[in-house]
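Asks: Residue numbers (the working numbering), protein chains in the order written: chain A, 870 to 981; chain B, 28 to 139.
Any given hint might turn out to be false.
Stated by the list, open to error - Taking lysine-lysine pairs in the DSS-like style, the calculated list, with each CA pair at most 25 Å apart, reads: (1) A/K939 <-> A/K925; (2) A/K926 <-> B/K84; (3) B/K84 <-> B/K38; (4) B/K84 <-> B/K97; (5) A/K968 <-> A/K928; (6) A/K925 <-> A/K968; (7) A/K968 <-> B/K97; (8) B/K84 <-> A/K968.
Note that these hints are calculated values from the structure, not bench results.
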Amino acid sequence: TQLLEQSPQFLSIQEGENLTVYCNSSSVFSSLQWYRQEPGEGPVLLVTVVTGGEVKKLKRLTFQFGDARKDSSLHITAAQPGDTGLYLCAGGTTDSWGKLQFGAGTQVVVTP
Amino acid sequence: DAGITQSPRHKVTETGTPVTLRCHQTENHRYMYWYRQDPGHGLRLIHYSYGVKDTDKGEVSDGYSVSRSKTEDFLLTLESATSSQTSVYFCAINRVEGHEQYFGPGTRLTVT
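The whole structure should be built from the sequences, with the hints applied where relevant.
Replies: Dropping the structure here:
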């Protein structure tokens, strides 16, 4: 059972366009992470959000944690080919410390 | 770089043979994890360890066993490999600060 639903599953855009990836759940999470994975490599942590309503920015990437801590979004402004990759969200709860639930991922392709 | 290595990086084996994958970390972290990654499923937890000789099952543990005799090494064993265990396997560690996990480069296992 996938507790974290990511949408869309696949996104193909042109360089310079904006995109948003969503991560939704019926569960409340104490923290939520976003990872990016490139082919043949392991996921790399981008950001952690822990407070409901929190917004974090990492250069052209903006991450938001929902007020109820059940959902999150990742927005990329002016996407570049280097943003291409599989984006994964993962949530942790206080009663399962150290264990994460992962979404199935969103494959983003940015073409020049 | 979380100082995580996995070996082998690629392996092809036949159905019914035993296979052991190794995860090695250099930073003395207490928590270590084994995941498998399959298209459409994201990352699914197989087993995890919270210390030497302390391990527990994840959501897809059937057909897998683990051992941790030293802090730095976490071994995943497929006692009798099946074609359904063809996958990419990732090891991860959890730093003390929270749920954030850091991943190794992965092992691509093919069972023929």
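Asks: Each hint needs a verdict: does it hold in this structure or not?
Replies: Going down the list of hints, with the structure as the test:
1. With a C-alpha separation of about 16 Å, the suggested pairing of A/K939 with A/K925 holds against the 25 Å cut-off.
2. Only pairs whose Cα atoms come within 25 Å are accepted, and A/K926 paired with B/K84 is rejected, the gap being roughly 36 Å.
3. A threshold of 25 Å between alpha carbons decides the hint, and for B/K84 with B/K38 the separation of about 24 Å falls inside it, so the pair holds.
4. Between the alpha carbons of B/K84 and B/K97 the distance comes to roughly 19 Å, so the proposed pair stays at or under 25 Å and holds.
5. For the given pair, A/K968 sits about 28 Å from A/K928 by alpha-carbon distance, which is inconsistent with the 25 Å threshold.
6. The straight-line distance between the Cα atoms of A/K925 and A/K968 is roughly 23 Å, inside the 25 Å bound, and the hint therefore holds.
7. A C-alpha spacing of about 21 Å is found between A/K968 and B/K97, which places the hinted pair at or below 25 Å, so the restraint holds.
8. The suggested pairing of B/K84 with A/K968 holds, with an alpha-carbon distance near 11 Å, which does not exceed 25 Å.
Checked against the numbered hints above, the structure violates hints 2 and 5; every other hint is satisfied.
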